[in-house]
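Protein chains in written order, with my numbering: chain A, 11 to 141; chain B, 3 to 445.
Hints are supplied without guarantee of correctness; some may be wrong.
Claimed, not checked - Here are the simulated BS3-like pairs of lysine-lysine, each with C-alpha atoms no more than 25 Å apart in a straight line:
| # | chain 1 | residue 1 | chain 2 | residue 2 |
| --- | --- | --- | --- | --- |
| 1 | B | K294 | B | K111 |
| 2 | B | K276 | B | K294 |
| 3 | B | K276 | B | K111 |
| 4 | A | K116 | B | K378 |
| 5 | B | K276 | B | K148 |
| 6 | A | K24 | B | K378 |
| 7 | A | K63 | A | K89 |
| 8 | B | K438 | A | K24 |
| 9 | A | K116 | A | K95 |
Keep in mind the hints are simulated off the structure, nothing from the lab.
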Amino acid sequence: MDDFYRELIIDRYKNPQYRGQLDPADISFEDDNPLCGDHIRVDLRVDPQGMIKEVAFDGHGCAISQASADLLMESIYGKSLEEVKLLTKEDILEMLGIDLGPVRLKCALLSLKVLKAGVYGLGEASDDLVE
Amino acid sequence: MSGLLADANTPGYAPDNLAQQNSKSVERLSMSQNNRIEVERIRKDFPILGREVRPGVPLVYLDSTATSQKPVSVLRAMDDYYRRTNANIHRGIHTLAEESTALYEEARKKIAAFINAASARQIIYTRNTTESINLVAYSFGRNFLKDGDTIILTEMEHHSNLVPWQILAAEKNLQLEFIPVTPDGLLDLEAYASLLQRQPPLVAFTHMSNVLGTINPARDIIRLAHENGAITLLDGAQSVPHFPVDVQELDVDFLAFSAHKMCGPTGIGILYGKRELLEAMPPFNGGGDMIKRVHLRSFVANEIPYKFEAGTPAIAEVIGLGAAIEYLSQVGMSQIAEHEHQIIDYALERLEEIPGVNVFGPPSAQKGGVASFTLKGVHPHDVSQILDQDGVAIRAGHHCAMPLHEKLNLPATARASFYLYSTLTEVDLLVDAIYKVKTVFRV
Chain A
11 MDDFYRELII DRYKNPQYRG QLDPADISFE DDNPLCGDHI RVDLRVDPQG
61 MIKEVAFDGH GCAISQASAD LLMESIYGKS LEEVKLLTKE DILEMLGIDL
111 GPVRLKCALL SLKVLKAGVY GLGEASDDLV E
Chain B
3 MSGLLADANT PGYAPDNLAQ QNSKSVERLS MSQNNRIEVE RIRKDFPILG
53 REVRPGVPLV YLDSTATSQK PVSVLRAMDD YYRRTNANIH RGIHTLAEES
103 TALYEEARKK IAAFINAASA RQIIYTRNTT ESINLVAYSF GRNFLKDGDT
153 IILTEMEHHS NLVPWQILAA EKNLQLEFIP VTPDGLLDLE AYASLLQRQP
203 PLVAFTHMSN VLGTINPARD IIRLAHENGA ITLLDGAQSV PHFPVDVQEL
253 DVDFLAFSAH KMCGPTGIGI LYGKRELLEA MPPFNGGGDM IKRVHLRSFV
303 ANEIPYKFEA GTPAIAEVIG LGAAIEYLSQ VGMSQIAEHE HQIIDYALER
353 LEEIPGVNVF GPPSAQKGGV ASFTLKGVHP HDVSQILDQD GVAIRAGHHC
403 AMPLHEKLNL PATARASFYL YSTLTEVDLL VDAIYKVKTV FRV
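Can you build the whole structure from these sequences, using the hints too?
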């Protein structure tokens, strides 16, 4: 538990590398965590081969939700949309390097949920996407 | 002396790398000893307050506004009921059924006495405050409000006193108007007076804000409503557990509250109503117990309160609530209010001296034991998470009052709340833990 707020998480929260918006974007999606009001928007630019060329996220929320969004953006940069579809809860937890209870897990997974809803072109971000 | 005060002196409880936590509560302890509440004795009645959150980390429970802890007398009453008495109520003609029914109806009398209702028939069992308000919206609102009518609410309502009216307003084409919250966290009563010119048939408002802690001048608000011909509903979820509430003195038409915030179990709430209103209202849920007679195509409704109590109720929980009321009455509601006032007074003073902390709501004279705050540069969830590492349990989020947070222009706040078992030492531990948050986040 003492490692919960690892240096990495605090740093990414305070100095995110991928915060911003892309206009125009090829894929753009946003959603809230209704339990706590955290908000994440993800913008992607994708080349004709389906490779992710530019990424950005925006929003507000706790250190976990914002740092995990920033780390997620970094990890998908240069990947294909097909690879993004394969990302799971475990990938996020591995990136963050911490264990999370059920409540905070929702914070950590919000960005992945938003990203996958955007990539799949869905109308809404469902928890099914990250289970 | 055992319990929290002693634990607070053990190593590891107060980290010594922080200069700020020279605890000021010690000088106040003499004061609290003179207080008529014997908090250390009270704490022993609540088994959960003795637990550790993790090995070596005692619980500092500062989330009683969400739900209170339960004294052993309440746990025992429910346990005894299931061990010795359990039977369905009202229709059985055997010993257990008679005993169950008696316990169930005795609790109703205790509840009536607790809020000074004229008759126990005016006490309706529901699931919680939310269901009590929904009952009024459904049964009173649907039948007595007309197209174009105005309902007055306030900007500081819990979702439970907003959404039922929004649903009803959409169905019946009603207008919702809101008494604004001033920058001091009080209701703007001048604006209220002018809203009353719309001749609203209903004014529904909270007795005490679960976010700002504001205690609203319910008696004045109700009197003004009555002068303008309006019926009143008071959300007592945060008031009935914390200070004396007298329905006859307030002259309130409906009062809603929940057992679980007043040392009782979850799953049982109360709706008090004036007799003539309850008698005029049609039933809420249909089913067993709410009827006098049933034919294949029709029924005759039972009398109050049973008319509103369909199906097998939460019998053990009702009995638990009865025990909770006995417990609170023994301690004394005025004494509880005084104790909480002392705690919030100290909490506000200590929180406000932390650089970067902003506390919302009126000064302690006008509020109950609720301190909602933000810490600059740190999201409330992170505050709460780091506090939890020291066993300090607070709430973070919008506290089911999103419109109020919109008004304050905040996505969320952190909230520490107090009850009869809270101590000044716990306030110190809260403050120490907030300094830790500042260290972790370098703010």
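Q: Taking the numbered hints from earlier one at a time, note which ones the structure violates and give those numbers from smallest to largest.
A: Result: no hint breaks.
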